[in-house]
Amino acid sequence: FTVPQGAFYLFFRVDGLTDSRKAAFDIVDNANVGLAPGTAFGPGGEAFLRLCFHRRLDQLEEAAHRLANWMKTV
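For the sequence shown, position 52 matches number 52 in my numbering, and the numbering has no gaps at all.
Certain hints may be false.
[Unchecked claim] Below, a list of computed lysine to aspartate or glutamate pairs in the EDC-like style, where the Cα atoms sit at most 20 Å apart:
| no. | residue 1 | residue 2 |
| --- | --- | --- |
| 1 | K72 | E62 |
| 2 | K72 | E61 |
| 3 | K72 | D19 |
| 4 | K72 | D15 |
| 5 | K22 | E46 |
| 6 | K72 | D29 |
| 7 | K72 | D26 |
[Stated by the list, open to error] Derived CB-CB ranges, DEER-like:
| no. | residue 1 | residue 2 | range |
| --- | --- | --- | --- |
| 8 | A68 | G44 | 32 to 40 Å |
| 9 | F1 | N69 | 20 to 28 Å |
| 10 | L57 | D19 | 29 to 37 Å |
| 11 | F25 | E61 | 17 to 25 Å |
| 12 | F25 | K72 | 16 to 24 Å |
| 13 | V3 | V74 | 30 to 38 Å |
| 14 | E61 | V14 | 26 to 34 Å |
| 15 | V74 | F11 | 15 to 23 Å |
| 16 | E61 | V28 | 15 to 23 Å |
| 17 | D58 | N30 | 31 to 39 Å |
| 18 | D19 | E62 | 31 to 39 Å |
Calculated from the structure, these hints are not laboratory results.
The model shown is predicted, which means the values in this text are computed figures rather than measured ones.
Where a beta carbon is used, it is the ideal one built from N, C-alpha and C, also for glycine.
Use the sequences and the hints to build the structure in full.
Structural data, given as structure tokens:
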């Protein structure tokens, strides 16, 4: 067995999101979670964000909690 060296990506829609770039920077600043704005992947990505994650489940869970708390503030 070889441990994967790659990563996984979650490209998800956020209802009501109108500026994915601003949201991505706000999340980095206020939730300390790095995300890419959906518009980085094309003009149809305005209401989307992309999260990169890997094999550390504890880090993914922490990021999910931080994102959930951020979403309560917007």
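Hint by hint, here is what the structure shows:
{"no.": "1", "hint": "K72 / E62", "result": "holds, 16 Å"}
{"no.": "2", "hint": "K72 / E61", "result": "holds, 17 Å"}
{"no.": "3", "hint": "K72 / D19", "result": "holds, 17 Å"}
{"no.": "4", "hint": "K72 / D15", "result": "holds, 13 Å"}
{"no.": "5", "hint": "K22 / E46", "result": "holds, 10 Å"}
{"no.": "6", "hint": "K72 / D29", "result": "holds, 15 Å"}
{"no.": "7", "hint": "K72 / D26", "result": "holds, 13 Å"}
{"no.": "8", "hint": "A68 / G44: 32 to 40 Å", "result": "violated, 25 Å"}
{"no.": "9", "hint": "F1 / N69: 20 to 28 Å", "result": "violated, 36 Å"}
{"no.": "10", "hint": "L57 / D19: 29 to 37 Å", "result": "holds, 31 Å"}
{"no.": "11", "hint": "F25 / E61: 17 to 25 Å", "result": "holds, 23 Å"}
{"no.": "12", "hint": "F25 / K72: 16 to 24 Å", "result": "holds, 18 Å"}
{"no.": "13", "hint": "V3 / V74: 30 to 38 Å", "result": "holds, 37 Å"}
{"no.": "14", "hint": "E61 / V14: 26 to 34 Å", "result": "violated, 19 Å"}
{"no.": "15", "hint": "V74 / F11: 15 to 23 Å", "result": "holds, 19 Å"}
{"no.": "16", "hint": "E61 / V28: 15 to 23 Å", "result": "holds, 19 Å"}
{"no.": "17", "hint": "D58 / N30: 31 to 39 Å", "result": "violated, 21 Å"}
{"no.": "18", "hint": "D19 / E62: 31 to 39 Å", "result": "violated, 25 Å"}
The structure does not agree with the numbered hints 8, 9, 14, 17 and 18 stated previously, though it agrees with the rest.
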